[in-house]
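S.K.: Sequence:
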Amino acid sequence: MLMAEPADTNMMEQNIEQTVGIFQKWQHQMMDWITDPSTWEWLLIKSIRIVLIILISRIAIKVLFRMIDRTISKKGRGSLTLNPRRLLTIVKLLKNVTSLTLNFTMIMFILMEFNVNLAPLLAGAGVVTFAIGFGSQSLVKDVMTGFFIIFEDQFAVGDVVKVGQFQGTVEMIGLRSTRIRSWTGEIHIIPNGSITDVTNYSISNSLAVVDVVIAADEDVDTAVQGMEKILAALPEHEPNVIRQPQVLGIQTMTRTETTIRIIAECKPFTQAQVSRLINLEVRKSEHRKEEEAAVIENYEGKGISTNGT
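Counted from 1, the sequence shown has number 85 at position 85 by full-length UniProt numbering; the numbering is strictly sequential.
Keep in mind that the hints were calculated from the coordinates and are not lab data.
The calculated DMTMM-like cross-link candidates involving lysine to aspartate or glutamate, where the alpha carbons are at most 20 Å apart (straight line), are:
(1) 229 to 281
(2) 284 to 238
(3) 289 to 228
(4) 229 to 265
(5) 284 to 211
(6) 267 to 238
(7) 162 to 197
(8) 229 to 218
(9) 95 to 171
(10) 141 to 152
(11) 92 to 152
(12) 141 to 197
(13) 92 to 153
(14) 289 to 217
(15) 267 to 236
(16) 284 to 236
(17) 162 to 152
(18) 92 to 171
(19) 46 to 113
(20) 162 to 186
(21) 284 to 218
(22) 95 to 153
(23) 141 to 153
(24) 289 to 219
(25) 25 to 36
(26) 289 to 221
(27) 229 to 286
(28) 229 to 219
(29) 267 to 281
(30) 284 to 221
(31) 289 to 218
Whole structure, please, built from the sequences with the hints as guidance.
M.R.: Next up, the structure:
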């Protein structure tokens, strides 16, 4: 049976005693630090300074945001007016840059309160930035494309666009990515560098096209005049319609039916809504005609003359 050497046992006991001694010493130092009034004074001062730094940064962000809004609004009302869509995009971009810069500065000041040496951090950040810029060409491509999208006004916040297979409303344009919300609610985040072909539905007015089918034996002139009459007042109660819809006439003909085409200039990307409205108005008119015809037929069936004789 092997027995532990006395020298090994003594060394183990010494190591345990040293560890316990270090822990007890650290415990006594912590208790002295906690019970020292200067510690609480230091914590109170640091807490107040940190809270002040955060408050000042929040106030600075709000003040700068208001300055940006006022400056951009003056540009919009000046003699050299800019596109409202582009103004909104520039405002959001400037606010994002301002928020990031001030938040970064706030963190640096908070670290300085704890006597953190910022020189190695800033130097490390510079090295990391250089490495990213040198090694990540896609990031540089995204940023450059973002600049061109914004300053060439290819599309702006609030525009309805189609980028590749994604279609929706532009919610945010950043230097690196663009965020698009589809009409069903999905959010698509697209790197700017991958944006090549863009279809913008919001730059110019849209055109609503409606085909109305009538019976082949129905008088076309009467049908066209009726459609023009009911659609004449459409721009008055529908703000998306730019001007009175036009009834172009016969589009196609068969033995059983005739198709009449109606077009209406409307605000960007509202053609589907306006088309549904035109269909509804035409259907209401047809329903009224059917009711009038039924009433006349009922009167005639009872031997009552509709002309009062």
